[in-house]
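K.L.:
Chain residues, written in single-letter form:
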Amino acid sequence: MGCEQSGKTCLLQGNEAIVEGALAAGCRFFAGYPITPASEIAELMSMRLPEVGGAFIQMEDEIAGIGAVIGASLAGVKSLTATSGPGFSLMQENLGFACITETPCVIVNVMRGGPSTGLPTSPAQGDVMQARWGTHGTHPIIVLSVSSVIDSFEVTIHAFNISEKYRIPVILLSDEVVAHTRESITIPDKSEFEVVNRIRPGVPPEWFHPYEDNSRGVPPMAAFGDGYRHHITGLVHDVHGYPTQRPDEIDAFQRRQFRKITNGFSEIQMTRSVMLDDADIAVIAYGSVSRSALRAIKMARERGIKAGLLHLTTLFPFPRRIVDPVLRKCRAVLVPEMNLGQISREVKRVNLSAKVEKLNRLDGQLITPEEIFEKLLTL
Amino acid sequence: MNDDRYEIRFGGSGGQGIILAAVIVAEAAAVYDHKYVSQTQSYGPEARGGKSKAEVVISSREIDYPKVIKMDFLLAMNQTALDAYFYDFKPNGLLVVDSTFVEQLPTSRVIAIPFTRMARELGRELVANVVALGAVGRLCPAVSEDSLQKAVLNRVPPKTVELNSRAFAAGAEAAAAFDLSSLPRSITPDEEQEI
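Chains as they are written, first to last, in my numbering: chain A, 87 to 465; chain B, 1162 to 1356.
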């Protein structure tokens, strides 16, 4: 298991690649509770973290898992937890705490069939909306998805980078197929990818206002023990970090949360276009289904159908600026998903006059290229 | 489709080492033969028993869809797995079964070798999957026997290298006794084939 050496080709599972990506991004803390189909992440982290001077804790449940992750991050350490649907539900309250305290952390949810214990060993994409709206209150959040082993490595690094840069929890959605598929991967050398660290205070402790606005909307973050007074609360707080009831302070605080993400749209919204240039019909897909879609558009091309694929890595904030031109250009768009239509709704919302078709499967099986191809023939 | 996917499926019951065998094939093809591979599996929530299926797709190009579409090669370690996983078989694909447990064959284009019985004779029933891998190395054109042997010995615990070596060799030898060209060319009987 694992692949410590850069430059060496290894056969890794998607879950193992997430671990290697997290370590490459500088993650040095993991707390969580094992659950199929995410358990390999905890298992491998428990072996790899001590080797690099990090710490691993198996907590009593997922609520405690994310609690410990938030605490470690406040102490200045990049932190990860990983779970599946039922555990992700348990994390929702603390996820809100991470949002309001602007604590960077990455939460992996390897989606299984649900609800409840559901289908622990089968893939699904039923948690897309839970990732976006699972915690309470108005809040921005970043949701990324992975579709392959290489993706699991690279997108995990992006997840940490964005989380650190914008001080926001990032949800990484995988699914059982991606998590357990083994593919070859060559771990790149450190010099080949960028690692972003949170900005620390540049002023002396007595001048430090932990939640003071700036042009980026992201205040520098002091670690516990650095000597900077840093009050952390789940109540809406003023620039000093203390609870406030003043409408002007509340409004400024809430709007800054969104502004900082809006400012970063161009780098947060990651998508991949395949054969879209001359396409008059498009598939919009994410996760393991995007791989079926890729094959389906190749099959369509062989039949002379001008099909293209827009592969979404970022699901939220929804990349509407990239989706919009695709909807305008193509006479129809197909959104295949292993749910009854969570992203297809978002696609439709971008342009209500566009023809957006769905293809859904709920039986614990990956949608096949043939199914997508046949649906394309009818559009 | 214009690609050279070679698709392998292994089926058996949980605990027979089906998934490990597929991982080893994938490792041989990826790490030693430098090909693109995608290895997937499906299994039930049970810890032991239950059907177990593992697949490997090998290609010289990047693999889009990671699972089997049309099988080139099926290794079935028992009757239940054979019955359950024989679908999606290419007419000129190759079927290899463990004749210790498989009695009813769906086609005469088949290589039947008693992997489990041979493993028992070697002293450990546990190495039936490695005996089977020896046969896979000899019969399957998508992965070289040499790479597969290296991958097997690299994966097994050091103390068992000798036993696994013998198991692999026994499987390869048993497979060598079959003449592939003497098998029917297709699983579809001649009279049913389209002209």
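Because the hints were derived from the structure by calculation, they are not lab data.
Take the hints with a grain of salt, since some may be wrong.
Stated by the list, open to error - In the DSS-like style, the derived pairs of lysine-lysine whose C-alpha atoms are separated by at most 27 Å in a straight line are:
#1 B/LYS1231 / A/LYS392
#2 A/LYS415 / A/LYS441
#3 A/LYS384 / B/LYS1251
#4 B/LYS1214 / B/LYS1231
#5 B/LYS1231 / A/LYS384
#6 A/LYS251 / A/LYS276
These numbers come from a predicted model, not from an experiment.
K.L.:
It remains to establish, for every hint, whether it holds in the given structure.
P.N.:
Cross-check of the supplied hints:
{"no.": "1", "hint": "B/LYS1231 / A/LYS392", "result": "25 Å, holds"}
{"no.": "2", "hint": "A/LYS415 / A/LYS441", "result": "11 Å, holds"}
{"no.": "3", "hint": "A/LYS384 / B/LYS1251", "result": "21 Å, holds"}
{"no.": "4", "hint": "B/LYS1214 / B/LYS1231", "result": "15 Å, holds"}
{"no.": "5", "hint": "B/LYS1231 / A/LYS384", "result": "17 Å, holds"}
{"no.": "6", "hint": "A/LYS251 / A/LYS276", "result": "19 Å, holds"}
Of the numbered hints given earlier, the model fails none.
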